[in-house]
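Participant: Each chain is listed here by its residues.
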Amino acid sequence: MSKPSRFPRLAILPALAASGLLVVSLKFPLWHIRMEAPQYQGREALRVEVLPGSMRGNLDEIRVLNQYIGVQVPDHLPQTRWLPVALLAGAALGLGAAFLPRKIRRFAALGVATYLTIAMLAAAGQAQWQMHQIGHNRNHHAALAGVKDFTPPLLGSTKLANFELQSGLGLGSFFIAGAVACYAGIGLAKRHSRRLVPTCETPAEPAPAEAVA
Amino acid sequence: MNNILTLTFAAVLALTFTACDSGSRPQPQKGGARQVSDAERVYVAPGKLDDYYAFLSGGQSGSVFVYGIPSCRFLKEIPIFEPRAGLGYANNPGSESYRRLHETGPMWGDTHHPVLSQTEGRYDGRWLWINDKANGRVARIDLRTFETAVIKRVPNIQGAHGLAACLPSCKYVFVNGELEHDLADSTDATKYHSLIAFLDGESLETRFEVAFVGNADIASSGKDGRYVFSTMYNSENAVTSEGMIERDRDAVVAIDVPLAEKALADGKFTRVKGVPVIKPEDVPGLLTLIPVPKNPHGCNVTPDGKYVLASGKLSPTVTIIDAHTLKVVAEPEVGLGPLHTTFDGRGNAYTSLFIDSQIVKWNIEKAIKGDPTYIVDRVDVHYNVGHTKAAGADSSYPSGDWLISLNKLSKGMYLPVGPAMPESQELIDISGEKMHLVAAFASLPEPHDAVFMPRQTLADKVVQTYEPAPAAVKLGEEKIVRNGNKVDVYMTCIRSKFVPEQFEVHPNDEVTIHLTNVETIRDMTHGFALSDHGINIAVDPGQTQVVSFNAGPRGTYWYYCTWFCSALHLEMRGRMLVKAPNEPLSDSIAPPPPTQAKAQDTDKKASVSYE
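Here the protein sequences line up with chains U and E, keeping their order.
Counting from 1, position 206 in the first sequence corresponds to residue 206 in our numbering; the numbering is continuous, with no gaps.
Counting from 1, position 502 in the second sequence corresponds to residue 502 in our numbering; the numbering is continuous, with no gaps.
Just to be clear, a hint being listed does not mean it is correct.
[Said to hold, decoys possible] Here are the simulated SDA-like pairs of lysine to any residue, each with C-alpha atoms no more than 20 angstroms apart in a straight line:
id: 1; chain 1: E; residue 1: K486; chain 2: E; residue 2: I589
id: 2; chain 1: E; residue 1: K461; chain 2: U; residue 2: I69
id: 3; chain 1: E; residue 1: K461; chain 2: U; residue 2: G42
id: 4; chain 1: E; residue 1: K497; chain 2: U; residue 2: R43
id: 5; chain 1: E; residue 1: K497; chain 2: U; residue 2: I69
id: 6; chain 1: E; residue 1: K461; chain 2: E; residue 2: G68
id: 7; chain 1: E; residue 1: K48; chain 2: U; residue 2: G42
id: 8; chain 1: E; residue 1: K48; chain 2: U; residue 2: Y40
[Stated by the list, open to error] On the chain E side, residues computed to face chain U include the following (Cβ under 7 angstroms):
id: 9; residue: R495
id: 10; residue: V499
id: 11; residue: T520
id: 12; residue: I521
id: 13; residue: A567
[Stated by the list, open to error] Far from chain U by the CB rule (all over 12 angstroms, computed), these chain E residues:
id: 14; residue: I245
id: 15; residue: G274
id: 16; residue: R522
id: 17; residue: W558
id: 18; residue: S566
The hints are simulated quantities; they were obtained by calculation from the structure and are not laboratory data.
Ideal Cβ positions, reconstructed from N, Cα and C, are used throughout, including at glycine.
From just these sequences and the hints, can you work out the full model?
Facilitator: Laid out in structure tokens, this is it:
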């Protein structure tokens with residue numbers, strides 16, 4: 001009876017799920033910001049969504065508006081170049097880790113979780129810097145006078161000129177968080193958890209009646 | 001709260017005025033609580049939406065007016081048969097709207113009868129058709145954009161008057177060529193005929209026409225695809241007004257549409273100016289004349305399709321005709337000068353009484369049975385009502401809540417604005433047993449007829465922006481193309497800039513601007529006006545408009561945006577530089593470099609000196 005051979009099977013399911021979440025997250029927004037003003041209310045509120053590999057939303061309109069306050073919205077975010085690769089690499093590494101021997105696997109899975117966490121924090125940090133740059137590195141000869149430097153919120157809400165800005169995490173971020181949790185789960189799983197998956201070699205024996213009593 | 005009270009009070013005052021006779025001082029009315037309730041019924045708070053669009057024909061304005069109901073707020077004028085410089089419609093020979101209108105006839109029209117497309121007895125929000133009585137034309141408006149999509153001259157007819165869609169399919173719209181003439185273009189009155197033309201509902205190409213003696217007036221369609229109806233006067237074939245009223249009886253004309261199509265397929269027609277014209281004598285059963293009192297006017301099929309009602313005009317009666325057997329079943333008296341009849345879907349008819357200046361509500365089945373209590377109610381309107389229309393009355397499912405009275409005279413209803421007073425419409429609540437007049441509103445001259453469209457029908461159909469056409473100019477692809485003295489400028493606009501901001505031409509060059517509005521959100525229309533050239537166009541988001549003009553003599557001519565668009569609206573302008581014939585021209589679309597720097601320096605010096 002080779003007990004270690006059962007562990008990969010147990011670990012593959014969450015690893016598969018985690019890797020799947022990472023792949024799926026490529027198609028979902030990590031972050032979004034909603035901009036509402038008297039002229040842009042309800043369904044007409046402006047919205048930007050950042051996906052791991054792209055940015056979408058009312059970018060044209062936001063660029064038009066930003067010309068009045070001298071803000072330059074970048075065509076591409078640098079994160080969108082490396083983040084998809086980082087997430088796919090994490091998915092591959094995480095899946096590979098599930099097949100490693102138990103002792104190494106636990107460390108490997110924790111390593112992948114840590115790696116993904118650092119990657120996301122790096123992306124968020126970069127985004128925070130970009131937010132600061134957008135609001136401070138402006139063309140101060142722009143048309144509208146009286147607009148002070150600002151930093152759009154990475155999370156939360158604020159008021160900018162006539163706009164209410166509200167930003168938050170998107171579904172993609174939660175998928176990635178789920179993946180990190182799965183890898184962390186694999187890494188932190190105790191050995192006795194194998195009981196959850198009884199095999200033919202070790203059939204689960206019914207508990208003695210007196211034990212129940 | 002104070003604002004609401006003020007508005008309510010203002011509305012009450014307005015109603016008090018509308019209820020007063022011409023020339024008398026407004027008097028406090030009894031039943032103040034009821035009046036407040038009326039005001040509340042038509043009050044739609046800012047930002048809130050009306051329940052209905054009301055499309056009113058513009059009459060001699062050649063357009064369609066769009067109002068919100070119940071607030072009676074004016075929403076839009078849709079120009080059709082007449083240029084509107086303010087809207088950039090058909091006001092320069094280079095524009096598509098100009099070419100389309102010009103090639104169909106005069107640059108003016110007289111719109112009478114707006115007709116909404118239907119599917120399975122309900123308004124479907126696709127199209128609105130309208131006639132031009134003066135010039136034999138019919139137009140189709142696309143309700144996705146509220147703009148004119150097609151205009152067609154209907155061959156062989158004069159006086160395109162009654163207009164209706166053939167129900168239930170709207171495969172055809174049919175229009176009455178009211179004014180008789182000889183199809184061979186002689187002036188011999190004994191050869192005069194009138195025509196009813198059947199047009200393809202989408203393209204408005206004339207498919208066939210039916211000719212007969214007498215004048216086809218107002219049109220209405222049966223609901224089952226067989227008969228269409230028209231009131232007919234002047235069976236005398238006279239050419240004087242006295243002669244047209246000699247006989248005691250005229251008719252309602254019923255045309256068997258499937259039979260006409262069969263005659264068309266069998267070749268039983270004569271082709272006149274390219275259009276198959278069918279004569280009733282060649283096709284027995286094609287046309288049935290149903291005798292009614294002389295010179296009838298309104299022709300209205302009931303929502304259930306059972307009856308067609310001919311309003312007597314000179315007779316105080318409405319003739320009720322079985323729409324299937326074509327037999328007259330009753331002829332109740334309703335009042336003096338009955339012109340048009342509309343319906344609430346609960347078995348009641350509402351007939352406008354031109355001479356009595358009233359709307360009379362009466363019950364159709366009671367009138368048929370001879371029950372003397374068929375008259376339900378009367379309400380005074382101000383004054384001389386022509387058409388009247390209840391919400392949904394042309395469909396199979398009237399909503400039975402609102403009715404509009406389109407009055408010919410307003411007398412003292414409004415502040416006097418000269419000898420000619422504003423045209424006036426009144427809104428009447430018909431949801432109860434008794435009618436109740438709740439509001440009046442003025443308009444440009446002169447709505448003839450109206451039709452209501454529930455807001456929900458168009459909720460998802462009205463487009464936010466135009467899909468860019470293949471000929472649209474893209475951002476970054478602006479250019480100037482020269483061919484001899486013809487100059488094409490491919491230009492874009494977006495807040496707050498035209499690109500290019502200048503172009504160069506020689507005196508009297510023929511210039512064509514192809515201007516695309518590259519905005520991506522709704523309501524961000526830009527205009528293009530060119531100083532001293534009489535040019536103004538409007539370009540909606542995503543739309544491309546073309547404008548042509550002669551460059552004129554040497555000089556600098558500014559073009560600028562005429563639709564206030566942004567904080568830099570005034571700065572949204574550019575220059576047409578008309579250079580001397582021997583001066584070289586630049587084709588660059590880059591922003592002009594030089595002079596601004598100098599101007600800025602001047603500004604700085606000035607600001608320093610102020611400090």
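Participant: Against each hint, give a clear statement of whether it holds in the structure.
Facilitator: Going through the hints against the structure:
1. K486/E x I589/E: Within the cut-off at roughly 17 angstroms; holds.
2. K461/E x I69/U: Distance of about 35 angstroms is beyond 20 angstroms: violated.
3. K461/E x G42/U: 19 angstroms, holds
4. K497/E x R43/U: The hint is violated at about 27 angstroms.
5. K497/E x I69/U: Distance of about 16 angstroms is within 20 angstroms: holds.
6. K461/E x G68/E: 17 angstroms, holds
7. K48/E x G42/U: 14 angstroms, holds
8. K48/E x Y40/U: 16 angstroms, holds
9. R495: Since the shortest Cβ distance to chain U is 5 angstroms, the answer is holds.
10. V499: Cβ of V499/E sits 13 angstroms from chain U, so the hint is violated.
11. T520: 5 angstroms, holds
12. I521: 5 angstroms, holds
13. A567: Cβ of A567/E sits 6 angstroms from chain U, so the hint holds.
14. I245: 58 angstroms, holds
15. G274: 48 angstroms, holds
16. R522: The claim breaks: R522/E does not keep its Cβ more than 12 angstroms from every Cβ of chain U (closest is about 8 angstroms).
17. W558: 19 angstroms, holds
18. S566: At roughly 8 angstroms from the nearest Cβ of chain U, S566/E sits no farther out than 12 angstroms, so the non-interface label is violated.
Hint compliance for this structure: hints 2, 4, 10, 16, 18 are not met, and every other hint is.
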